[in-house]
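Chains A and B supply the protein sequences, listed in that same order. Be aware that the first sequence starts at 3, since it is given in the working numbering, and climbs by one per residue. Be aware that the second sequence starts at 3, since it is given in the working numbering, and climbs by one per residue.
I should point out that these hints are in silico values taken from the structure, not numbers from a laboratory. Incorrect hints may appear among the rest.
Remember, identical chains collapse to one label, so a pair may be satisfied in a single copy or spanning two.
Calculated pairs, SDA-like style, for lysine to any residue (alpha carbon to alpha carbon, straight line, at most 25 Å) [as the list claims (entries may be wrong)]:
1. Lys129 <-> Leu80
2. Lys120 <-> Cys135
3. Lys100 <-> Leu121
4. Lys129 <-> Cys79
5. Lys120 <-> Gly109
6. Lys62 <-> Asn98
7. Lys129 <-> Gly70
8. Lys129 <-> Leu112
9. Lys120 <-> Gly35
10. Lys136 <-> Pro116
11. Lys120 <-> Ile131
12. Lys56 <-> Gly72
13. Lys129 <-> His91
14. Lys60 <-> Asn31
15. Lys15 <-> Tyr52
16. Lys136 <-> Asn118
17. Lys60 <-> Asn12
18. Lys136 <-> Cys85
19. Lys60 <-> Asn41
20. Lys120 <-> Lys136
21. Lys129 <-> Asp107
22. Lys120 <-> Ser32
23. Lys4 <-> Lys60
24. Lys45 <-> Thr17
There are 2 protein chains.
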Amino acid sequence: MKIEDKLLKNKVKPTAMRLLVLRKLMERNSAIGLTELENLFDKVDRTTLYRTLKTFEKNKLIHSIDDGTGMTKYALCLEGCECNPEDLHVHFHCNNCKETFCVTDTGIPLVQLPMNFKLEEINMVIKGICSSCK
Amino acid sequence: MKIEDKLLKNKVKPTAMRLLVLRKLMERNSAIGLTELENLFDKVDRTTLYRTLKTFEKNKLIHSIDDGTGMTKYALCLEGCECNPEDLHVHFHCNNCKETFCVTDTGIPLVQLPMNFKLEEINMVIKGICSSCK
DNA sequence: AAACCGGTGCAATAGAGTTGCAAAGTTTTA
DNA sequence: TAAAACTTTGCAACTCTATTGCACCGGTTT
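Let the sequences and hints guide you as you build the complete structure.
Written out as structure tokens, the structure reads:
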């Protein structure tokens, strides 16, 4: 799918900036943080990127990941993702190369919660060493 | 067990400050962040609390939890905890009262990782509404 | 053309975490 | 017991990410 169409499909007006950012995200196979994203460009404003990511997130183009590094990371949503609990997947953070990956082939296992606890979201991050760093 | 003994058992010198902090932690049934902890006292230094928590963590009296709120929370380890993956448990964060609880009755379910990924730690936080807020 | 509006850029702020340094307190050693 | 050595504590300062306010710019509508 063309990048522009992807934006339109999620009701995001395709500005030059947004096309650039989405392209960068699509070129990646790991999640990216704001500062990292900033470094992929020669000269952009951090705030603009910040708001671009927020916009993408609100429109479910990307989801945010808190991998415990203190920096929020973002990764592309899968086709048709609504960011509901059942759409969520595990994330893996490599303690060596510090990359964070989506583990999309396994869903998050269900956990028995104590009585009367209502589930709304799940965040599961596994840390270790990724295959490239082995 | 007396509070002082608990410290000694984990090889932490029982200073007045540490006794106070550990007591506060034991009075709680939910995890606590640095700022919250600070507010439980009339007049303490943030840095001292910070370092006290770090010391406790290093000596496995408490474990830290990243519940995605941006503030690291701390909660008492269970008896005999070595903070290994198999000692870890799920945490529950209430979106209403913002408290974070340890769900100690269920371990973290194992997840099949992609080939050649090595697990070292797991952080699993479930968000929703706790029984008190229902 | 004027008013409007979303998007962008710059500057400034907020808040958590962290570090350096010196004072106070404890323990060890001569 | 006194001096030296080490640990803990308190204060101040700083880092870094996230976030907000405000002004400007470009395109669109009236």
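Comparing the hints with the structure gives:
1. Lys129 <-> Leu80: both (22 Å within a copy, 22 Å between copies)
2. Lys120 <-> Cys135: For Lys120 and Cys135, only the inter-copy Cα distance (10 Å) is at most 25 Å; the intra-copy one is 38 Å.
3. Lys100 <-> Leu121: between (29 Å within a copy, 14 Å between copies)
4. Lys129 <-> Cys79: both (21 Å within a copy, 20 Å between copies)
5. Lys120 <-> Gly109: For Lys120 and Gly109, the Cα distance is within 25 Å both inside one copy (19 Å) and across copies (18 Å).
6. Lys62 <-> Asn98: For Lys62 and Asn98, only the inter-copy Cα distance (23 Å) is at most 25 Å; the intra-copy one is 30 Å.
7. Lys129 <-> Gly70: both (10 Å within a copy, 16 Å between copies)
8. Lys129 <-> Leu112: For Lys129 and Leu112, the Cα distance is within 25 Å both inside one copy (19 Å) and across copies (13 Å).
9. Lys120 <-> Gly35: Between. Shortest inter-copy distance 23 Å satisfies the 25 Å Cα cut-off; intra-copy 30 Å does not.
10. Lys136 <-> Pro116: between (38 Å within a copy, 13 Å between copies)
11. Lys120 <-> Ile131: between (33 Å within a copy, 5 Å between copies)
12. Lys56 <-> Gly72: both (17 Å within a copy, 17 Å between copies)
13. Lys129 <-> His91: Both ways: Lys129 and His91 sit 14 Å apart in one copy and 15 Å across, limit 25 Å.
14. Lys60 <-> Asn31: Classified as within; 21 Å inside a copy, 34 Å across copies.
15. Lys15 <-> Tyr52: within (16 Å within a copy, 45 Å between copies)
16. Lys136 <-> Asn118: between (43 Å within a copy, 7 Å between copies)
17. Lys60 <-> Asn12: Only inside one copy: Lys60 and Asn12 sit 10 Å apart there, 46 Å across copies, limit 25 Å.
18. Lys136 <-> Cys85: Classified as between; 23 Å across copies, 32 Å inside a copy.
19. Lys60 <-> Asn41: within (23 Å within a copy, 34 Å between copies)
20. Lys120 <-> Lys136: For Lys120 and Lys136, the Cα distance is within 25 Å only across copies (8 Å; inside one copy 39 Å).
21. Lys129 <-> Asp107: both (17 Å within a copy, 22 Å between copies)
22. Lys120 <-> Ser32: Only across copies: Lys120 and Ser32 sit 17 Å apart there, 31 Å inside one copy, limit 25 Å.
23. Lys4 <-> Lys60: Cα proximity of Lys4 and Lys60: one copy only (20 Å, versus 50 Å across).
24. Lys45 <-> Thr17: The answer is within: 17 Å in one copy meets 25 Å, while 52 Å across copies does not.
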